[in-house]
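> Chain by chain, the residues run as shown.
Protein chains: 2
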Amino acid sequence: MRVGFMGLGIMGSRQAANLARAGHELKVYNRTRETADAWAKEHGGAVADSPRAAAEGADAVITMVVDGPQVEALLLGDDGAAAGAPAGTLFIDCSTIAPADARRLGATLAEQGHGFVDAPVTGSAPKAEDGTLTIMCGAADEDMERARPLLEAMGEKIVHAGDVGQGQAVKVISNSVSAINCATLAQALVVGRRAHVDLEALLEVMGSGSANSTMLQLKGRPMLEHDFAPLFKLEHMLKDVGLCLDEARTNGAPFPFAALARELYSAGVGRGLGEQDFAAVLEVAEGLADTRV
Amino acid sequence: MRVGFMGLGIMGSRQAANLARAGHELKVYNRTRETADAWAKEHGGAVADSPRAAAEGADAVITMVVDGPQVEALLLGDDGAAAGAPAGTLFIDCSTIAPADARRLGATLAEQGHGFVDAPVTGSAPKAEDGTLTIMCGAADEDMERARPLLEAMGEKIVHAGDVGQGQAVKVISNSVSAINCATLAQALVVGRRAHVDLEALLEVMGSGSANSTMLQLKGRPMLEHDFAPLFKLEHMLKDVGLCLDEARTNGAPFPFAALARELYSAGVGRGLGEQDFAAVLEVAEGLADTRV
Chain V
1 MRVGFMGLGI MGSRQAANLA RAGHELKVYN RTRETADAWA KEHGGAVADS PRAAAEGADA
61 VITMVVDGPQ VEALLLGDDG AAAGAPAGTL FIDCSTIAPA DARRLGATLA EQGHGFVDAP
121 VTGSAPKAED GTLTIMCGAA DEDMERARPL LEAMGEKIVH AGDVGQGQAV KVISNSVSAI
181 NCATLAQALV VGRRAHVDLE ALLEVMGSGS ANSTMLQLKG RPMLEHDFAP LFKLEHMLKD
241 VGLCLDEART NGAPFPFAAL ARELYSAGVG RGLGEQDFAA VLEVAEGLAD TRV
Chain F
1001 MRVGFMGLGI MGSRQAANLA RAGHELKVYN RTRETADAWA KEHGGAVADS PRAAAEGADA
1061 VITMVVDGPQ VEALLLGDDG AAAGAPAGTL FIDCSTIAPA DARRLGATLA EQGHGFVDAP
1121 VTGSAPKAED GTLTIMCGAA DEDMERARPL LEAMGEKIVH AGDVGQGQAV KVISNSVSAI
1181 NCATLAQALV VGRRAHVDLE ALLEVMGSGS ANSTMLQLKG RPMLEHDFAP LFKLEHMLKD
1241 VGLCLDEART NGAPFPFAAL ARELYSAGVG RGLGEQDFAA VLEVAEGLAD TRV
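Protein sequence lines, in the order shown, are assigned to chains V and F. With the working numbering, letter number 22 in the first sequence gets 22, and the count goes up by one each step, no holes. To get the working numbering, take the position in the second sequence, counting from 1, and add 1000.
The hints are simulated quantities; they were obtained by calculation from the structure and are not laboratory data. Do not rely on the hints blindly, as some may be mistaken.
Claimed, not checked - Distance condition first, Cα-Cα at most 25 Å in a straight line; then the derived DMTMM-like pairs of lysine to aspartate or glutamate:
#, chain 1, residue 1, chain 2, residue 2
1, V, K239, F, E1235
2, V, K127, F, E1200
3, V, K239, V, D49
4, F, K1157, V, D198
5, F, K1127, V, E200
6, F, K1157, F, E1025
7, V, K127, V, E111
8, F, K1157, F, E1129
Predicted model, so just to flag it, every value in this text is computed and none were measured.
Next comes chain V alone, as it looks inside the complex (with noise of 0.2 Å):
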């Protein structure tokens, strides 16, 4: 397929070359042009002047950016890829946003006779590498069909979650249960440090029963050592943990879980630990019980 890719950052760049290499042909643009000058080079491939030249001629527009607004501008603003766009042309969002932004984009572009597919992804630089994200999809049918080889061409496992906007959903639930899971850990070992108790026994305890869990398997160890050297930034798990919470509002569900991360998080960012892995706001556990694990 012809597709104009916007956004060459450390996912975007390797998600684009993954598609280089399945033999799509390309035009990538980015805010940076010596960006897609360098990428061009080593993958081949054409480079566009605006987002409205990435998605002159093309079949499909895949944009991987910061946020909704990015997004928005990209697609939206002046000399936006939706007015560069041939009709009938497949919008693919891979960004992290609102789900209530991306439906709001996806009926803008179907008014203008586009489709679209929101499909953040999971995964760090390594899993977009080798083309293993997994890929969370919002998109009617027939959109998901025609995104499909694409986006196996990104990722090993691409799941439809429902309409567009679901792929957001199930991308901040699953981030906020993370955060909570994460941020229990950092409680309990809190606790157990109050208590005496030998952390390590704890963490073999609850690693090796029914208290496991990916968060404790991966960020036990860094508690221990306070290594928050950043994986994933504690600013970005809570913007991910408010966009959770204003999905759960608009429907009308509480989630109390999230809203107490929410505060954790947030008061992290006022200690100055937005920068660092998210794991930090087991120091935020810690100012609560005045101690350190």
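With chain V held as given, fit chain F onto it using these hints.
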């Protein structure tokens, strides 16, 4: 060793059988005498008429009953085991009781010249049967070493978590994390339903990514099917969360996620779900959002 064993319920009868199989010489006591007679007929060993009699001539006395008051009555009550035990007897309590109660019992027994290990277990009847329980221990080092051959006959993973009481502390902290992870999963499913996402897709994404947990693997499917046949009763989980909060509070550590979980499980008991599996906390989450998963 000569072992007095008290409490031949679902777990205790199987643990005692493994001790007999390992060559220890058992004298068993049970509140309902017929249970003890039947056990001895099948596994050999003697039957004691009273806790005191069970302890006479013993090297070690093991208890496996429902709560702290039952343990205390068996050990320190009229005709209790402590009165019959030779000086320097090792007491091992496998019940789940408050850490503070374990410490008090341990101190009283120490005044009488006895040793004490709190050794609560995790794992259900099949693991008790196979001798593959996890046993969390609080004890002085020398008591721990004396207890080890007995513990190894009953369990596969024996973890020494600190001084007397710390086995119980690890148990109730660990169970609280399970309770929180389970209630978080319930709320996530409810938010997903309200947001019209495909719940199978949500479970698949969460279960294959950073939101995964043992609770998700064990309770996700039963929640979607509203199958709450009890593996561990909701009212027992509520008891353990309460014990954890007591321990946290006494030690000056707030545990806000556990406090929130207690509210939800308490409301579950109020809705008549106490005898069901603790995954029935889903119904409390459903009630909060006025929807059904």
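> Against this structure, judge whether each hint is valid.
Now for the hints, and whether the structure bears them out:
no., hint, in the structure
1, V:K239 / F:E1235, "violated (36 Å)"
2, V:K127 / F:E1200, "holds (23 Å)"
3, V:K239 / V:D49, "violated (31 Å)"
4, F:K1157 / V:D198, "holds (16 Å)"
5, F:K1127 / V:E200, "holds (23 Å)"
6, F:K1157 / F:E1025, "holds (23 Å)"
7, V:K127 / V:E111, "violated (35 Å)"
8, F:K1157 / F:E1129, "holds (15 Å)"
When each numbered hint is compared with the structure, violations occur for hints 1, 3, 7.
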